[in-house]
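Visitor: Using the hints provided, position chain B with the ligands relative to the given structure of chain A.
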Amino acid sequence: MDEVPLLEVRHLDKVYENGYHADRDISFSIPSGKLVGLIGPNGCGKTTMMRCINKMHMPTSGDILIDGESVMPKTPAEVARLVSNVPAEMTASFGLTVFETVMLGRYPYLQNMWWETEEDESIVVDTLKKFGVYHLQDRALNMLSSGEQQRVLIAKAYVQNPRLMLVDEPTSHLDMKYKLDVMEYLRAMIKQDMTILVAEHDISLMARYCDLCIIMKKGQLIAIGEPKKVITEELIREVYEVEASVGFDRDGEIYVLPKRYKGPPEDEVPLE
Amino acid sequence: MPEQTDALRGIPFSCDKLKFVSDIKQDVLLSDGVKDSVDSWTDDISDDEMFSDTVSRYAKSVRVRIAMIVLLIVVALFAAIYSIQSGPLCGDMIQTIQILWDYMLGQADLDDSVVHWTLYATPPVLGALLGGAGLAICGAVMQSVLRNPMADPYTTGISSGASFGAALAIASGSILVQISSLTVLLAFAFSMIPVLVILLISKMTNASPITIIMTGIGIMYVFNAATSIIRLVAGGTAMSALDNWLMGDVQLVQWNDLPVMAVITVIGVIVSMYLASRINVLSTGDENAKAMGINADKLRIICLILTAVVSAGIISFTGLIGFVGLVCPHIIRMFIGADNRYLIPASAAFGSALMVVAHLVGKMVIAPTLVPVGIIMACVGGPVFIWLVIRKNKSTW
Ligand SMILES: Nc1ncnc2c1ncn2[C@@H]1O[C@H](COP(=O)(O)OP(=O)(O)O)[C@@H](O)[C@H]1O
Ligand SMILES: [Mg+2]
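Chains as they are written, first to last, in the working numbering: chain A, 1 to 272; chain B, 1001 to 1397.
The set of hints was computed from the structure by calculation and includes no laboratory data.
Incorrect hints may have been included.
[Claimed, not checked] 16 Å max Cα-Cα, derived EDC-like pairs, lysine to aspartate or glutamate:
#: 1; chain 1: A; residue 1: Lys177; chain 2: A; residue 2: Asp202
#: 2; chain 1: A; residue 1: Lys259; chain 2: A; residue 2: Glu238
#: 3; chain 1: A; residue 1: Lys217; chain 2: A; residue 2: Asp13
#: 4; chain 1: A; residue 1: Lys34; chain 2: A; residue 2: Glu238
#: 5; chain 1: B; residue 1: Lys1060; chain 2: A; residue 2: Asp138
#: 6; chain 1: B; residue 1: Lys1060; chain 2: A; residue 2: Glu116
#: 7; chain 1: A; residue 1: Lys228; chain 2: A; residue 2: Glu253
#: 8; chain 1: B; residue 1: Lys1060; chain 2: A; residue 2: Glu121
#: 9; chain 1: A; residue 1: Lys217; chain 2: A; residue 2: Glu241
#: 10; chain 1: B; residue 1: Lys1060; chain 2: A; residue 2: Glu3
#: 11; chain 1: A; residue 1: Lys218; chain 2: A; residue 2: Glu8
#: 12; chain 1: A; residue 1: Lys34; chain 2: A; residue 2: Glu3
#: 13; chain 1: A; residue 1: Lys34; chain 2: A; residue 2: Asp13
#: 14; chain 1: A; residue 1: Lys217; chain 2: A; residue 2: Glu184
#: 15; chain 1: B; residue 1: Lys1203; chain 2: A; residue 2: Glu17
Chain A on its own, in the form it takes in the complex (with noise of 0.2 Å):
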């Protein structure tokens, strides 16, 4: 059963023009269909790696092949139509309407760059309501909810019909209906035979929904597995250096709770 992965990621190395190494040394591999949560503290490199992935930015050494083929050698229009981004933020633009932006996720597959098709148009219809926002086609996306925004942003990422989907930090402006809705939609959309790289905090809520977790700390690879093998007590000390609780509630699902930072760095003047 030797089944091709849908995303490897082989010694992945980043290092930014002023000489910063983001990622280091990265491998791991993910099967499709799944949705894949990616912990780590602030600026540990999870967007830098989601950017390599994509190609928006050039990984300065390793290699990542989507369903076994190595997408360095394709064109960025190829890599658009096999990975698909939902950015932690978006410029709003000039009141381009719901449906307009859901719209520009159809780009990569536009005949000469230029007009849709009636095709496009009913895969946006479809994918307006899938995720609750058809009543808003009309409005300009700057006019809505971060909530509303998010969705917005996820569907312009499902009509882009990717192979992988990759969500920044897609729940950090939401209160929590919001945040189980976000997560409800990623779930859906796997169940469509998408794969999901979800960056995000809320390790209680990836512990819940995702059936891979993704650990990194300082640019590099901690873990990788199920979520509640990898989640520790012993791990959370490790990779945020704070103390947490983590416990199952009666549901049996996981929960992680911050109890106490561990103290300063020894280089840092304590306060009073």
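Guide: Just chain B with the ligands, lined up with the frame of chain A:
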């Protein structure tokens, strides 16, 4: 019995309230709304009767937009013909069209006085038609690719570069014969300097849109200062000639200038329309554009060079004309939206119509004195624009 109170809020405790709270809790935990909508994913949504309704609704909105563009083009052309025939000693509109047609085919009877005066009145009007279109698309494209509602040939330094070139040419005019074409040449040459500086800075620092605008504004101050110095040093007739140029007027346009203006404008419209859907993607951010397979930096530079050449080409012939480039795209966005595939042609047509009408009004308002188009547009358009900005909500930018 002692009254129980909610410890946190100090509100009397009541059963109604408790029920309310527990309702909310359930909603949060089950997240019902989402579950329902996600569960229905497997249903065949295309059977929904709303479905065909919306496809046609979008198609309808496209048709409305195209109709508006056609209407604007017709208005612009009509205004142009009307403006030409309103000149002294000209014929009626049909005659005007006939004369222009014959002239294009090289069959016009140049000895006829009506023909003579019609052809005399034509270049400024065609200059307004072409100039308005060119400047308006420059504004639309610059605003989208720099993601800044203030972007136009002024804030990117192009206009001030052109002014400086024109000032040099006019100040040295006393010793040179071909003043007019030297003005055009120098204005164009110097308007390329801001573009080169911006390109250089982009190459060096991966400049963001905001850096580009700030650079443009910096360049604008330097060139404006230099222009003022020349104006002071030159004095006299050169000074008033320069002031004329700085006020900007299509009245300066000659028959010889029109082919160049036409080529520049047509190329500008065609190329920017060709790039329009790419510009749409770029207008939602570099990261998004790159994720869609678009080289954001390259596209932005191509668009900047294109708009620089178009606006510089027009300004060199007409003198400084502001307002159209900045304002037309904003007004059009309020009515047909931000999709550049419609915004660009609509802005072009609207810019043409606006310039032609402004020129017409300028001819009539205190005749026989000609008031430059720039002044008319600013006087009338400024307040109208402010009114529109206040009336419409902020969603357009
Ligand atoms: N364009 C860049 N140039 C230089 N350094 C960068 C750039 N982008 C990010 N970094 C640095 O790389 C590190 C990792 O950033 P990032 O991948 O965004 O982290 P995360 O998404 O995990 O919070 C950070 O320390 C950041 O300062
Ligand atoms: Mg990040």
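Visitor: Next, verify each hint and record whether it holds.
Guide: Evaluation of the provided hints:
1. Restraint check for A:Lys177 and A:Asp202: satisfied, since their Cα atoms lie roughly 13 Å apart, inside the 16 Å limit.
2. The suggested pairing of A:Lys259 with A:Glu238 holds, with an alpha-carbon distance near 14 Å, which does not exceed 16 Å.
3. For the given pair, A:Lys217 sits about 14 Å from A:Asp13 by alpha-carbon distance, which is consistent with the 16 Å threshold.
4. The hinted pair formed by A:Lys34 and A:Glu238 fails the criterion: a straight-line CA distance of about 26 Å is larger than 16 Å.
5. As the CA atoms of B:Lys1060 and A:Asp138 are separated by approximately 13 Å, the hinted pair is consistent with the 16 Å bound.
6. Of the pairs offered as hints, the one joining B:Lys1060 and A:Glu116 holds, with about 14 Å between alpha carbons and a cut-off of 16 Å not exceeded.
7. This hinted pair checks out: A:Lys228 and A:Glu253 have alpha carbons roughly 9 Å apart, not beyond 16 Å.
8. At roughly 12 Å between alpha-carbon atoms, B:Lys1060 and A:Glu121 fall within 16 Å of each other, so this suggested pair holds.
9. Under the criterion of a C-alpha separation no larger than 16 Å, the hint pairing A:Lys217 with A:Glu241 is consistent with the structure, at around 11 Å.
10. Distance restraint check for B:Lys1060 and A:Glu3: the Cα-Cα separation of roughly 48 Å exceeds the 16 Å cut-off, and the hinted pair is therefore not satisfied.
11. Using a Cα cut-off of 16 Å, the hinted pair A:Lys218 and A:Glu8 is violated, with the two alpha carbons roughly 20 Å apart.
12. With a CA separation close to 14 Å, the supplied pair A:Lys34 and A:Glu3 stays within the 16 Å bound.
13. For the hint linking A:Lys34 to A:Asp13, the alpha-carbon distance of about 24 Å lies beyond 16 Å, and the restraint is violated.
14. For the hint linking A:Lys217 to A:Glu184, the alpha-carbon distance of about 27 Å lies beyond 16 Å, and the restraint is violated.
15. A C-alpha spacing of about 14 Å is found between B:Lys1203 and A:Glu17, which places the hinted pair at or below 16 Å, so the restraint holds.
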